[in-house]
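Student: Protein sequences, first through last, are from chains A and B. Under the working numbering, the first residue of the first sequence carries the number 2, and numbering increases by one thereafter. Under the working numbering, the first residue of the second sequence carries the number 6, and numbering increases by one thereafter.
Calculated from the structure, these hints are not laboratory results. Careful, some of the hints might be misleading.
[Claimed, not checked] No more than 25 Å apart at the CA atoms, straight line, and that leaves these computed lysine to any residue pairs for SDA-like: (1) A:LYS222 - B:GLY95; (2) A:LYS351 - B:GLN156; (3) B:LYS338 - A:ASP247.
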Amino acid sequence: MSQQKATDAPATDQAKAATVQPSLATAMAATSKPTESLESVKEYQEKRRKAEGKHHWNDEKRHGFHLFLLVSPLLLFSILFSYYPLFGWVYAFYDYQPPIPLSESKFVGWQWFTMLWSNPTQLRAIGQVLLNTFGISGLGIITSFFPVMFAIALNEIRSKWFRNLIQTLTTLPNFISWVLVYAIAFALFSSTGMVNSVLQNLGWIHKPIHFLDSGSHVWLKMWAWSTWKGLGWGAILYLASLTGIDPELYEAAQVDGANRWQQIIHITVPQLLPTYFVLLMLSVSNFLNNGMDQYFVFQNAFTQEHIQVLDLYVYNIGMGQNSLSLATAISMLKSVVSVILLWAVNTASKKIRGVSIV
Amino acid sequence: MSVASVSPAAATQVKTAATVQTRRKSKKNRGGAPLHPEDPQQRIRQHSHGENVYNVFNIIFFALFTFLCFYPFYYLIINSISNNAMSAAGQINWWPSGIHWDNYGKVFQLDGLGESALISLGRTVIGTALTVLASAYLGFMFTQQKMWHRQFWYRFVIITMYFNAGLIPAFICMRNLHLTNTFWVYVLPAVVQPFNIILVKTFIESIPSSLQEAAEVDGAGELTIFGKIILPMCQPILATVAIFSAVGQWNSFQDTLIYITDSRLYSLQYVLYRYLNQASSLANQVKASAGSTLNVASLATQQTPTSIRMTIAVIVVLPILFVYPFFQRYFVKGMFLGAVKG
Numbered sequence: 002m003s004q005q006k007a008t009d010a011p012a013t014d015q016a017k018a019a020t021v022q023p024s025l026a027t028a029m030a031a032t033s034k035p036t037e038s039l040e041s042v043k044e045y046q047e048k049r050r051k052a053e054g055k056h057h058w059n060d061e062k063r064h065g066f067h068l069f070l071l072v073s074p075l076l077l078f079s080i081l082f083s084y085y086p087l088f089g090w091v092y093a094f095y096d097y098q099p100p101i102p103l104s105e106s107k108f109v110g111w112q113w114f115t116m117l118w119s120n121p122t123q124l125r126a127i128g129q130v131l132l133n134t135f136g137i138s139g140l141g142i143i144t145s146f147f148p149v150m151f152a153i154a155l156n157e158i159r160s161k162w163f164r165n166l167i168q169t170l171t172t173l174p175n176f177i178s179w180v181l182v183y184a185i186a187f188a189l190f191s192s193t194g195m196v197n198s199v200l201q202n203l204g205w206i207h208k209p210i211h212f213l214d215s216g217s218h219v220w221l222k223m224w225a226w227s228t229w230k231g232l233g234w235g236a237i238l239y240l241a242s243l244t245g246i247d248p249e250l251y252e253a254a255q256v257d258g259a260n261r262w263q264q265i266i267h268i269t270v271p272q273l274l275p276t277y278f279v280l281l282m283l284s285v286s287n288f289l290n291n292g293m294d295q296y297f298v299f300q301n302a303f304t305q306e307h308i309q310v311l312d313l314y315v316y317n318i319g320m321g322q323n324s325l326s327l328a329t330a331i332s333m334l335k336s337v338v339s340v341i342l343l344w345a346v347n348t349a350s351k352k353i354r355g356v357s358i359v
Numbered sequence: 006m007s008v009a010s011v012s013p014a015a016a017t018q019v020k021t022a023a024t025v026q027t028r029r030k031s032k033k034n035r036g037g038a039p040l041h042p043e044d045p046q047q048r049i050r051q052h053s054h055g056e057n058v059y060n061v062f063n064i065i066f067f068a069l070f071t072f073l074c075f076y077p078f079y080y081l082i083i084n085s086i087s088n089n090a091m092s093a094a095g096q097i098n099w100w101p102s103g104i105h106w107d108n109y110g111k112v113f114q115l116d117g118l119g120e121s122a123l124i125s126l127g128r129t130v131i132g133t134a135l136t137v138l139a140s141a142y143l144g145f146m147f148t149q150q151k152m153w154h155r156q157f158w159y160r161f162v163i164i165t166m167y168f169n170a171g172l173i174p175a176f177i178c179m180r181n182l183h184l185t186n187t188f189w190v191y192v193l194p195a196v197v198q199p200f201n202i203i204l205v206k207t208f209i210e211s212i213p214s215s216l217q218e219a220a221e222v223d224g225a226g227e228l229t230i231f232g233k234i235i236l237p238m239c240q241p242i243l244a245t246v247a248i249f250s251a252v253g254q255w256n257s258f259q260d261t262l263i264y265i266t267d268s269r270l271y272s273l274q275y276v277l278y279r280y281l282n283q284a285s286s287l288a289n290q291v292k293a294s295a296g297s298t299l300n301v302a303s304l305a306t307q308q309t310p311t312s313i314r315m316t317i318a319v320i321v322v323l324p325i326l327f328v329y330p331f332f333q334r335y336f337v338k339g340m341f342l343g344a345v346k347g
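Please work from the sequences and hints to get the whole structure.
Tutor: Here you go:
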């Protein structure tokens, strides 16, 4: 924003100068007497040109504003759906009970925020939620190099049609909704699902295994579903960067006697690192934003304790238990921390690699 | 790439090195590509034993993972068209058996399924059209240097990508705007998408500006230039925007959950979610309605909770399955463009 102002200032100065000059010139032209016809024609022409210049400038300004007016209805959308909700943060400072309007609600200041850590029950709940958020996000970040490996390994497959087939089929899950993932999970892993009935028919188990309705290994299961959904798609970006690597690098390495493994380690991986770094930084900045859909659909009485990430928790207490003010307070903290994280990560990225990621 | 693209005979990697070598040679010659017997790459590949083992493992891994990604869809589809009793007993795992299409006819008799399909279709079409137009328009307008405080307004829109008021404030805002429980809550918030605007703007900046200048000389205004020149030229990028937006609209679930309580406005995804949780009562509902109208319902085609769940899931996923393979390149392009934005 400050840059914007700095660049604007000289522009307006120039504009002012431009307005001053022609008006002076026209004034002078008007006072000077026409002595000869030729001169008067010249003067007249100059006068006209100056006047036109002035007129043109006005036109330009009006035109620029006109362009802005043409865009403004759409800017309104941005204001209504992105900026206006920020106003909703004031609800965090009131004791807001839905049917009663905000104006009649009691102002409570920071009470909801202090309640988060002063009340032991609340503290334990929020602690567990944070633990889940960190656990699930952490698993994602620890395994964030999987798509890189996937891309490198896929690139080693020599048959083009086979590569394309793999790419098409493994990216497909990325484009279905989490509800549908849950429908699949239900069809395959519920107690009457395909896996359980196959295992029982084989006589390997006698009681169905509770894949979906048990509280054990929830983080790991959630990680597995996200990986199933996102691995193929995550690899696409790296596959694209792989095609950009200069073949001469490999040829040179082969001349030096490097085998395929050495080529991967010394050529492919270093070429993919910048992309990986940017994506890693972005996922760090999204540490608190797990999204809600996945955890909402897999949530049930058994899994709830370990599945409630911040986004889901906000929904559960806000829409489920109707404590909108507390939910707003948590949302607000989360948003602020997220923006700070993004800023920190961006600064770190600038320091380490000299590249801004946003 | 060079490593991977040398051999066209990759499917035969399980065979002995000698066979692979001869096949490669013959294929290469037929293809007219120059053959270099001294190519170090070929020599290494031909002799390295560990590499063959690696290749076999690589192929097995990818075959398995690809199977895992594809099989669930196949499983849903074969179960939705197979004999319902066998399906409920978990006997349909590999091949459909007792194929019939009754399930599809019957689930549309369920309360609200047809309506929600229309809602989902409507929001996909209208939402996509609006966001494509808005992205193209704003993307173009933000390239117009003359606009009053162009940089400021551009940043004003783009910066909304990086913050988020949160779920509850958004809900309160929608309620204050009287958008909850209306169809418009599905499409209006998605109209101005900063990311799409960046995509289009970057694309337009790659078009030579002399085109617009020439049109201006001919007396065309910005709107004419946008409609006659820019919009047609932007088609590739707009296709990408459209396809992402359409998938997003079709898959969207959370907005119904939060903003909608009126069951006539439920999206298909939400209905699927509800049905997953209460399929047994719905099977009874179908049985009851079928009993009153048809009287004859053989056991094989009688709806079970399993059959209903799977059928609705297939209805929800089919559009994606159909659209995806044909538009894959747009998806990939969108992803790639998104990565190099800036």
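Student: Now look at each hint and say whether the structure bears it out.
Tutor: Here is how each hint holds up against the structure:
1. A:LYS222 - B:GLY95: 23 Å, holds
2. A:LYS351 - B:GLN156: 23 Å, holds
3. B:LYS338 - A:ASP247: 21 Å, holds
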